[in-house]
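Peer 1: Sequence:
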Amino acid sequence: MLDVQLKDVVIVCIGGFRFTGNPDVGVKDLVGRLQTALEDLGVPKNNIFHRSWNEGNDSDPGIPPQKGDILKEIDKRSPNPSYLAIIGHSFGGWTACRVSRDTVRKPDYVGLIDPVFGTDNSMEPIDNPRAVKLRSWTQDNGIEFFGGPCFNLPVPCSSPRAGFACGYKDVEDAYVEDYQAFDVEYKQNWDGSIAKHKCRWWEIDTRAVHTNMDENGKIRKLICDEIFDDIYKQVVAAEELSVILSSLAK
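Residue 466 is where the sequence shown starts when you use this note's numbering, and the numbers rise one by one after that.
Rather than coming from a laboratory, the hints here were simulated on the basis of the structure.
Mixed in with the good hints, there may be bad ones.
Unchecked claim - Straight-line distance between alpha carbons at most 30 Å, and here's what the computed DSS-like set of lysine-lysine pairs gives:
1) Lys571 with Lys686
2) Lys634 with Lys661
3) Lys598 with Lys686
4) Lys571 with Lys541
5) Lys661 with Lys493
6) Lys472 with Lys698
I would like the entire structure built from these sequences, with the hints used as guidance.
Peer 2: Structure, rendered in structure tokens:
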């Protein structure tokens, strides 16, 4: 019973709108780290995978998320997952919310990394996520920097609350049991220290912007740790139940 449960764990990490030179590095790294962390528990590597928010058209902002493609990929791994996590950056967060509404199992975990809901970044009722746990990380510095490493001026958000440049804050959580939101000011390393970049002969702190949010090590670590803990607890609970059932059968 335990092996079947672990073989039915499914985790999808969804990349965002494709900017020039932005190949979902952070999202793909998250996939690799989750695969490594969960392999020892018995979760198949293929069940933890990366997908585009709009496969083949990920730099076209005029098309809504292609949730059908991702739902098909989830079903291919398991038609009835024992644990389901959906993580998305930028438009991938928008897609994660929509996918969460149509999965067979209510997602155990939905992680949104600076989610953007279309070019005007406004949520519709069909975008309200469905999950046991919802985690959302957003920044309000801007979409990216210009001016060189010493004069990093962010392209500002397109509105005070949200915009195409910044993630959508205060995601509506009508179908969520446990929701936590976090503001992110600086890009951080895996150990939580602030990432720095070289400016001539000194280093300065790197601010979080939309295009580097998925490369924030601390965010990826928090996601990995919480998902690992969730699945580990399920494994322990299943083992304890197995012991109890075995003792009752004697």
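Peer 1: Against each hint, give a clear statement of whether it holds in the structure.
Peer 2: So, going through the hints one by one against the coordinates:
1. Lys571 with Lys686: 23 Å, holds
2. Lys634 with Lys661: 26 Å, holds
3. Lys598 with Lys686: The given pair, whose Cα atoms are some 16 Å apart, holds under the 30 Å limit.
4. Lys571 with Lys541: 17 Å, holds
5. Lys661 with Lys493: The given pair, whose Cα atoms are some 22 Å apart, holds under the 30 Å limit.
6. Lys472 with Lys698: 16 Å, holds
The structure meets every hint from the earlier list without exception.
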